[in-house]
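These are the residues of each chain, in order.
There are 2 protein chains.
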Amino acid sequence: MMSRCMARIWGGIPTLLIYLLAAVPAQAADPLRSWADGPTKDAIMEFVANVTKEGGSDYVPPEERIAVFDNDGTLWAEKPLYFQLFYAIDKVKEKAPEHPEWKKQEPFASILEGDPRKALEGGKPALMKLLAATHSGMTGNEFHESVSNWLATARHPKYRQLYTEMVYQPMLELLRHLRANGFKTFIVSGGGVDFVRAFSEETYGIPPEQVVGSSLKAKYQVKDGQPVLVKIPEINLIDDKEGKPVGIYQYIGRRPIFAAGNSDGDLQMLEYTTAGPGPRFGLLLHHTDSGREWAYDRNSHVGRLDEALKAAPERGWTVVDMQNDWRTVFPFEKK
Amino acid sequence: MMSRCMARIWGGIPTLLIYLLAAVPAQAADPLRSWADGPTKDAIMEFVANVTKEGGSDYVPPEERIAVFDNDGTLWAEKPLYFQLFYAIDKVKEKAPEHPEWKKQEPFASILEGDPRKALEGGKPALMKLLAATHSGMTGNEFHESVSNWLATARHPKYRQLYTEMVYQPMLELLRHLRANGFKTFIVSGGGVDFVRAFSEETYGIPPEQVVGSSLKAKYQVKDGQPVLVKIPEINLIDDKEGKPVGIYQYIGRRPIFAAGNSDGDLQMLEYTTAGPGPRFGLLLHHTDSGREWAYDRNSHVGRLDEALKAAPERGWTVVDMQNDWRTVFPFEKK
Chain X
1 MMSRCMARIW
11 GGIPTLLIYL
21 LAAVPAQAAD
31 PLRSWADGPT
41 KDAIMEFVAN
51 VTKEGGSDYV
61 PPEERIAVFD
71 NDGTLWAEKP
81 LYFQLFYAID
91 KVKEKAPEHP
101 EWKKQEPFAS
111 ILEGDPRKAL
121 EGGKPALMKL
131 LAATHSGMTG
141 NEFHESVSNW
151 LATARHPKYR
161 QLYTEMVYQP
171 MLELLRHLRA
181 NGFKTFIVSG
191 GGVDFVRAFS
201 EETYGIPPEQ
211 VVGSSLKAKY
221 QVKDGQPVLV
231 KIPEINLIDD
241 KEGKPVGIYQ
251 YIGRRPIFAA
261 GNSDGDLQML
271 EYTTAGPGPR
281 FGLLLHHTDS
291 GREWAYDRNS
301 HVGRLDEALK
311 AAPERGWTVV
321 DMQNDWRTVF
331 PFEKK
Chain P
1 MMSRCMARIW
11 GGIPTLLIYL
21 LAAVPAQAAD
31 PLRSWADGPT
41 KDAIMEFVAN
51 VTKEGGSDYV
61 PPEERIAVFD
71 NDGTLWAEKP
81 LYFQLFYAID
91 KVKEKAPEHP
101 EWKKQEPFAS
111 ILEGDPRKAL
121 EGGKPALMKL
131 LAATHSGMTG
141 NEFHESVSNW
151 LATARHPKYR
161 QLYTEMVYQP
171 MLELLRHLRA
181 NGFKTFIVSG
191 GGVDFVRAFS
201 EETYGIPPEQ
211 VVGSSLKAKY
221 QVKDGQPVLV
231 KIPEINLIDD
241 KEGKPVGIYQ
251 YIGRRPIFAA
261 GNSDGDLQML
271 EYTTAGPGPR
281 FGLLLHHTDS
291 GREWAYDRNS
301 HVGRLDEALK
311 AAPERGWTVV
321 DMQNDWRTVF
331 PFEKK
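Protein chains in written order, with our numbering: chain X, 1 to 335; chain P, 1 to 335.
Because the hints were derived from the structure by calculation, they are not lab data.
Wrong hints could be hidden among the right ones.
You can't tell identical chains apart in this list, so a pair holds if it fits in one copy or across any two.
Stated by the list, open to error - Here are the simulated DSS-like pairs of lysine-lysine, each with C-alpha atoms no more than 30 Å apart in a straight line:
hint : residue 1 : residue 2
1    : Lys241    : Lys219
2    : Lys223    : Lys310
3    : Lys184    : Lys53
4    : Lys219    : Lys310
5    : Lys104    : Lys129
6    : Lys129    : Lys93
7    : Lys104    : Lys93
8    : Lys217    : Lys93
9    : Lys79     : Lys118
10   : Lys223    : Lys184
My request is simple: use the sequences and hints to build the entire structure.
Rendered as structure tokens:
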């Protein structure tokens, strides 16, 4: 017969185990506290509950719980220009004294005259010149440091916040909620992979090896006895539109079950993700909040959203209405 | 005052916790039981102990514990030919009836006559023709299925084992030991990334998103309403020699602290990995076992090892002598 004391010991253990096992996922009572109550939040919570319910008809094993997020306009803001372009502009200004010829050469001349939009009217050739001048000819480490230093001091023209503060609080909560439920979260960005890797781990908890993005080619060299990777001004991958499923296929090698984006550049990623068998979630963030952020869609130059918004109802994608679905937009609002 | 019973409860909990926490890492007493006792095994055990010792001078935080492994000749065998070539050869034979012209076209003619070495004397153009015929023009899913089916039935010409049985038991233990100590293990293979992804998770416990390899380009298409990725016969990345650090930089985005290889194709990966600051481990597997496996190095056509072996002493790489350092080579030996 079990002694009373032993019974108390064994009786206590299950409780202890429950505390130990529950410690991480439980966190706070509401993991999505910056999301307003309503159908959008419910849809997310239900999807996560369904795919993690062992024995349930929608159960997905942890190794297949891949979630992909666009970055510009989905995890952090993208107005008035992609933040990476502000970096490039600042670097052009910094390097201008060594390049007097830039005063007469586009896209540099317009940048130096304070008109970046005009600079980019030159399309892809202009962009390539800008990237060649500011994103190549250095080692991967040098670029990483340059971006880190810039992010530590440069401020958003309107909000006067560090760019890494211009992230969406509800999306940070969503990333955490997915990871607490066994998801592996990836960024799949049209922006430069090296640029995003310089802050993704600290800002989003997403390590470099889970960032897919546009990239230049790189060359391996031994320089003064030190092996380095030198960024060269040739496109390796444009991770936008059709390039997003290609990037996912090449880097991740398996189809996600959850995808979040905010523009037509994310259409194919959402299409590819949600066309697979079993439970799928497509999230499309609609910027509807001219007060706290910006309101834009089909007429916007940056982050244009038209086709993807039209496709959402028939594809069953969940459209997030920023103004109504988010109680908080930026973390600094709460301070 | 604490009752005697409460004291027993609280006294019992630390023991329980230790069991719970130790359950995974401890496994068996010796995590590398197929490795012979001696300096090689000691070097590995010490490195792992040092980088995981919190507060120690060699401590490395978990997110930086990246370990990369070559595949052919490092995780599984590569003789008499890379196993992926056996797949390509079998596919050529299978498709030959639809291609009567192959009887007069290299590299197909030599393959059909049973002389794959002669077929490959045509160098890169011959290899590209072979890849175009057997590794492209289908979707990623179709290729994955084709490889899975082949691996489930095809047998090694000498050992008559499935190819996925031709893996090195000591390396399986090493992968597990590293992961149990917070390492993230990656494959960085000269072989095709899609080919390796078809078996890496089941065979090595390495998920597709942690496999870097050579690749063809891919194109996104919607075919009969279904989004697919079609493999096209153009090289995307040759993940060999200088291409290995490039692949690591592009896919992983951070320098590993542990690298294992077996040929000159791994020289740059080992060089790049071990030249970084802090504790580093370079492992070079030397195939010295003509009895249980094969003995080969600088005169070998497949898996040539010359420069890397010469570089090992000055770089401080640990050379594994297969014959002396491994108690078991293949898992099936033990049966």
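Tested hints:
no. : hint               : result
1   : Lys241 with Lys219 : both (27 Å within a copy, 12 Å between copies)
2   : Lys223 with Lys310 : between (52 Å within a copy, 21 Å between copies)
3   : Lys184 with Lys53  : both (17 Å within a copy, 27 Å between copies)
4   : Lys219 with Lys310 : between (42 Å within a copy, 24 Å between copies)
5   : Lys104 with Lys129 : within (14 Å within a copy, 48 Å between copies)
6   : Lys129 with Lys93  : within (15 Å within a copy, 49 Å between copies)
7   : Lys104 with Lys93  : within (14 Å within a copy, 62 Å between copies)
8   : Lys217 with Lys93  : within (25 Å within a copy, 37 Å between copies)
9   : Lys79 with Lys118  : within (16 Å within a copy, 60 Å between copies)
10  : Lys223 with Lys184 : between (36 Å within a copy, 29 Å between copies)
In the structure shown, no violation is registered for any of the earlier numbered hints.
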